[in-house]
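4 protein chains.
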Amino acid sequence: MTVVSVSMAVRVGVVGAGIMGADHVNTLHRYVSGATVSMIADVDADRAHAAAAGVPGVRVTDDAFALIDDPSVDAVVIASHDATHADLTLGAIRAGKPVMCEKPLAPTVEECLRVARAEAASAGDRTPLVSVGFMRRFDPAYQELKSALRAGKCGTPLLLHCVSRGVRSAPGATSESSVIGSAIHEFDVVPWLLDAPITEVGWQAPRSAPEVTGLQDPQLILLRTADGVLTTVEVFLNARYGYDIRCEVVGDRGTLALVNPVRVVADTELRRSTGYPEDWRPRFADAYRLELQAWIDAVVAGDRSPLPGVRDGLTTVAVAEAVIASMNRGGVSTPVRVPAV
Amino acid sequence: MTVVSVSMAVRVGVVGAGIMGADHVNTLHRYVSGATVSMIADVDADRAHAAAAGVPGVRVTDDAFALIDDPSVDAVVIASHDATHADLTLGAIRAGKPVMCEKPLAPTVEECLRVARAEAASAGDRTPLVSVGFMRRFDPAYQELKSALRAGKCGTPLLLHCVSRGVRSAPGATSESSVIGSAIHEFDVVPWLLDAPITEVGWQAPRSAPEVTGLQDPQLILLRTADGVLTTVEVFLNARYGYDIRCEVVGDRGTLALVNPVRVVADTELRRSTGYPEDWRPRFADAYRLELQAWIDAVVAGDRSPLPGVRDGLTTVAVAEAVIASMNRGGVSTPVRVPAV
Amino acid sequence: MTVVSVSMAVRVGVVGAGIMGADHVNTLHRYVSGATVSMIADVDADRAHAAAAGVPGVRVTDDAFALIDDPSVDAVVIASHDATHADLTLGAIRAGKPVMCEKPLAPTVEECLRVARAEAASAGDRTPLVSVGFMRRFDPAYQELKSALRAGKCGTPLLLHCVSRGVRSAPGATSESSVIGSAIHEFDVVPWLLDAPITEVGWQAPRSAPEVTGLQDPQLILLRTADGVLTTVEVFLNARYGYDIRCEVVGDRGTLALVNPVRVVADTELRRSTGYPEDWRPRFADAYRLELQAWIDAVVAGDRSPLPGVRDGLTTVAVAEAVIASMNRGGVSTPVRVPAV
Amino acid sequence: MTVVSVSMAVRVGVVGAGIMGADHVNTLHRYVSGATVSMIADVDADRAHAAAAGVPGVRVTDDAFALIDDPSVDAVVIASHDATHADLTLGAIRAGKPVMCEKPLAPTVEECLRVARAEAASAGDRTPLVSVGFMRRFDPAYQELKSALRAGKCGTPLLLHCVSRGVRSAPGATSESSVIGSAIHEFDVVPWLLDAPITEVGWQAPRSAPEVTGLQDPQLILLRTADGVLTTVEVFLNARYGYDIRCEVVGDRGTLALVNPVRVVADTELRRSTGYPEDWRPRFADAYRLELQAWIDAVVAGDRSPLPGVRDGLTTVAVAEAVIASMNRGGVSTPVRVPAV
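So the protein lines, in turn, are chains G, Z, U and W. All residue numbers for the first sequence refer to the working numbering, where the first residue is 217 and numbers rise by one. All residue numbers for the second sequence refer to the working numbering, where the first residue is 217 and numbers rise by one. All residue numbers for the third sequence refer to the working numbering, where the first residue is 217 and numbers rise by one. All residue numbers for the fourth sequence refer to the working numbering, where the first residue is 217 and numbers rise by one.
Calculated directly from the structure, the hints in this document are not laboratory data. You may find that some hints are simply not true.
Because identical chains cannot be distinguished in the list, a pair is counted as satisfied if it fits within a single copy or across any two copies.
Here are the simulated SDA-like cross-link-like pairs (lysine to any residue), alpha carbons at most 25 Å apart as the crow flies [claimed, not checked]:
no.	residue 1	residue 2
1	LYS362	ARG499
2	LYS369	TYR459
3	LYS362	ASN476
4	LYS362	ASP502
5	LYS362	PRO413
6	LYS362	THR484
7	LYS369	ASN476
8	LYS362	TYR459
9	LYS313	ALA334
10	LYS362	ASP460
11	LYS362	GLU416
12	LYS362	ARG462
13	LYS313	MET224
14	LYS369	VAL475
15	LYS362	GLY525
16	LYS369	GLU485
17	LYS362	ARG497
18	LYS369	ALA412
19	LYS369	ARG384
20	LYS362	TRP496
21	LYS362	SER424
22	LYS369	PRO493
For clarity, every value in this text was computed on a predicted model and none was experimentally measured.
Here chain G stands alone, though its shape is the one from the complex (with noise of 0.2 Å):
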């Protein structure tokens, strides 16, 4: 039939297209309500072609900073390999468009300070344009947590224990890119359900899993947040029996944790079963497209994103370090500095 309409609409150009940035096209197209994806840039073609098919009228390139300069394209998401955030964060920045860019902001607290500072800079009176695509915020069972731990459900928080399980790690993994890569969506989520900020980490290696090669895997990881609340946080990225995420907050009163969503039981075999995905993607879909939902819908409206700044973009990597300097020195207790914007 036609239908013919005038509606406002984002027009979203998406840096980056791997799994993380074909995964933001599909939902931005798909699920997203005001917002269109005009634009795919991605330095292999083929990836790009692929992730544009069934998008009607997107464009490609293998120019990133060509689409952000783009006038088709409103805003800015960038899932492209985390060396070239920075810089396309800072592109998003001079062609003054509003960017998501997905954690983490720079490897390195110094990239991250640039990001930082330019966004400072152009300020203005304006709303500040970064938002950093810590997507767990946004994820509805994160959120009915914090929800309960604020209404007091388990007391004063005393103690998190916290686990991010995946099947492997990506080709290339090593101890340091588990931290700044994995457990980085922990330095983020913690502060943000404890409303205080990590002071001071550790680091312990458990027996590393026999087959994995490169890397300390698992590792185990201790947060001190500056209400005193101590964190224990593993890492374990091929833990082959699926992708799990386990958060639990145990308080004076009593303890409140995540529930691994599941949709259908089986009795079979002499087992009862449920399952676990192999990956991020259906674990936290709905994280993803209320994320960008809501920065969408700020973009739409002019109003300030909803999703975390460069000052948490930049936080949670400094926490990243200081865990990488306690890796570096045997585990020994860390301070976490933080340098002023």
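Given chain G, work out where chains Z, U and W should sit, using these hints.
Relative to the frame of chain G, chains Z, U and W by itself:
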């Protein structure tokens, strides 16, 4: 910031601004890509205005037929009282507009037939205009259950156990309205899961909840499908403890069952506990969103709607009438007769 | 080391050394305080000797009545074939010895009556001699369910859902033996939970498992108790996936349900899973132990046995006969008639 | 009825009639085959008489050493205050009687050594006399966990997470007594699960529960075993919500974890919930029963006790002393030194 772009969007008129209609307005406006809500009709102007709050540009009327015929309305959602469904759907057919009518299509087989025949008469080469809001088919849990069933995860299905419980019945609820308004979801979803129509039904009265008057509650309904599978359906509108929908398929190699969605578990006061919602909205928020998205996508593309159509609307009401006949005759086994359109 | 002390112990003779009898021998010998197994009878001498292995001082016979009359036997456990239960129990009554007969007391109401009348005739002032092995009453989970029910935790009970599934039926199983041998546990436990007798029953045949021959399996049985509560009972002997007993009580303020006992959960190969046992022994090991302990304690003390007696033995078989009558008459609702003793 | 038979039974003397001792008396008397309780000693005569109520023929004394030497006592259970354990165990060794001493064997390594050396000196060809009450090894859930671990169900173990929470700490509890009295269970069970001794420990103080005074609570303890596996132990005596013991083994192919035993689930007031016990008795009732049964069986048979012995008693206290040393030195990693016997 200024964002101006042109995008195709279906302008939806929503008839009925009660809990269900207001929920559809909110979902269409905030979460469905490619849709805007252009008009809301309700006989209660306050209710209509309340639903319209926060939806820019939407107009309000107390005349549902005016909405249907309005040129600013491309497609119609009907969420008004059951008794109005048939006439409003007929209005949308006359106007040649796609319409998504909440279940039941009408309270009687006779009225459903009128709608079915009108659609057939008007159809020509067109895709059918009428969709019926059996949203469970879009619920990710039911979909996973159906996939697992088709994949043979429990072998050949033999027996189903369905439970449909709510906190309290609506004012004026009767034993009959429990069947036509609540149990009807099972009459749609069971044949959909099994790919087999319901051919015979029975009805039993358990002890009734002491404080409930005016209706038998709970009820136990037995459904026989053409494949010989027997389904037990407990419908209990005043179960008080929470909104709770269960479905277990028992096969010759195992069973498959829905898991209630929970996100947080609390350990407090000598109990480990998770929550139940007070009504259907949290449980089926995703189902409604995905149902409306699928409907809008089909409208935009001019494709046949993937939602159930008049045939399903008619068949489910025929099952309901057979159940009520059994109820009125002491629970005897009663065949289902679906008249030809 | 040398330990010699004198202690009172009941010397038990066990008739039947099949799976159930051997299990009772083991439980009495290893885990029941105050009991020793002095004699084992089985027509199959190998089976009897196998059960006797590891029980010091036990004697073996192929003559059950000799065992019953043997002066070294203080009390008798009957775990032989159902068809022998009545005659053996009558033998124990004649011998004036306490007897714990496995369910069913006998396969027919008529035989149960013979036993009941013999006990009544012989009783005088004595405590009744006959106990019937409905061990579920001693299962800690059923006991907790009953306590919670009595404490009003779910309000007034309205509806029960019972499920009784096993891996595979015994050789020679029939639709009738499923009722008299398996479903009979529900005919005991439902009235015990509700404190109300079963007055009316119905029977339905779901689609039968394709590879099962010689019996209808699964079966759906409806029970009505004198308080108006309706119970659905699914009996499925060839469910294959595991031994699985469920019971949910639906009340007007909530529900209470058994939880299957599991001790370890495994996360492997994209599944989170717990185990099902292959048969009833792990599920009800505690129930059997506590049942036998309670029986032995009563024998030692000369107290009335807290186990179900002939009346329960008779009543449950009367319910079974009513269910079989319904089965043979197309599932019509059938009243339960319990003859006077 | 008259039952008189002669049976071998171990006559047990129980020292200490507090919660633990009274529980042992009850378990031995009511549920352990082959044991009778012949004597109870407690400095508090009321307590001793209360524990003796319902145990026919038992005698009561306030002199523990008189009990140990009494000819009516074949074997001794020590459940008195920790400070008395070593001297009483030494008394039993002198008397040449099997003794089951509750954990800890003694509050200090030095005292444990005295016991260990006395046993070694007195042993000759005899089986060792001393067993230590680490009952978790007899808990069916821990046993299933260990079996699954050995069967390779989670691959090579890399990391363990243990949690030990109670409702409230005993009066006078200190940070040190939390370690020596509660965490010590983990110091036994972790090496038992892994078949590897603990070689190094660390200690961390989370935020302390606001209303708790006189001790750090919760505590976080890190254990390193000789195989490189790292174990996190949370000990939280004032967790308030319930008695809750958890253990998860993370391997390179999956994880295995204890499931808390629950029997009934309730759906009420918008919650689905199961219960936690208020103390350790319901959680470990089976473990204590099976531990005592295994001990009695060994005593009767003159076999070596399958319970942990002095070596385990000594080693666990050595770990506890290392943890307390770490606590006193700001949490630094501390090696475990177990002196030679």
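Now the hints, each set against the structure:
no.: 1; hint: LYS362 / ARG499; result: both (18 Å within a copy, 20 Å between copies)
no.: 2; hint: LYS369 / TYR459; result: between (28 Å within a copy, 18 Å between copies)
no.: 3; hint: LYS362 / ASN476; result: both (16 Å within a copy, 21 Å between copies)
no.: 4; hint: LYS362 / ASP502; result: both (17 Å within a copy, 21 Å between copies)
no.: 5; hint: LYS362 / PRO413; result: within (16 Å within a copy, 40 Å between copies)
no.: 6; hint: LYS362 / THR484; result: between (36 Å within a copy, 16 Å between copies)
no.: 7; hint: LYS369 / ASN476; result: both (20 Å within a copy, 21 Å between copies)
no.: 8; hint: LYS362 / TYR459; result: both (22 Å within a copy, 23 Å between copies)
no.: 9; hint: LYS313 / ALA334; result: within (13 Å within a copy, 52 Å between copies)
no.: 10; hint: LYS362 / ASP460; result: both (19 Å within a copy, 23 Å between copies)
no.: 11; hint: LYS362 / GLU416; result: within (22 Å within a copy, 36 Å between copies)
no.: 12; hint: LYS362 / ARG462; result: both (14 Å within a copy, 24 Å between copies)
no.: 13; hint: LYS313 / MET224; result: both (17 Å within a copy, 23 Å between copies)
no.: 14; hint: LYS369 / VAL475; result: both (16 Å within a copy, 23 Å between copies)
no.: 15; hint: LYS362 / GLY525; result: within (19 Å within a copy, 42 Å between copies)
no.: 16; hint: LYS369 / GLU485; result: between (39 Å within a copy, 11 Å between copies)
no.: 17; hint: LYS362 / ARG497; result: both (22 Å within a copy, 21 Å between copies)
no.: 18; hint: LYS369 / ALA412; result: within (18 Å within a copy, 40 Å between copies)
no.: 19; hint: LYS369 / ARG384; result: between (35 Å within a copy, 18 Å between copies)
no.: 20; hint: LYS362 / TRP496; result: both (21 Å within a copy, 23 Å between copies)
no.: 21; hint: LYS362 / SER424; result: between (33 Å within a copy, 21 Å between copies)
no.: 22; hint: LYS369 / PRO493; result: between (30 Å within a copy, 17 Å between copies)
When held up to the earlier numbered hints, the structure conflicts with none and fits them all.
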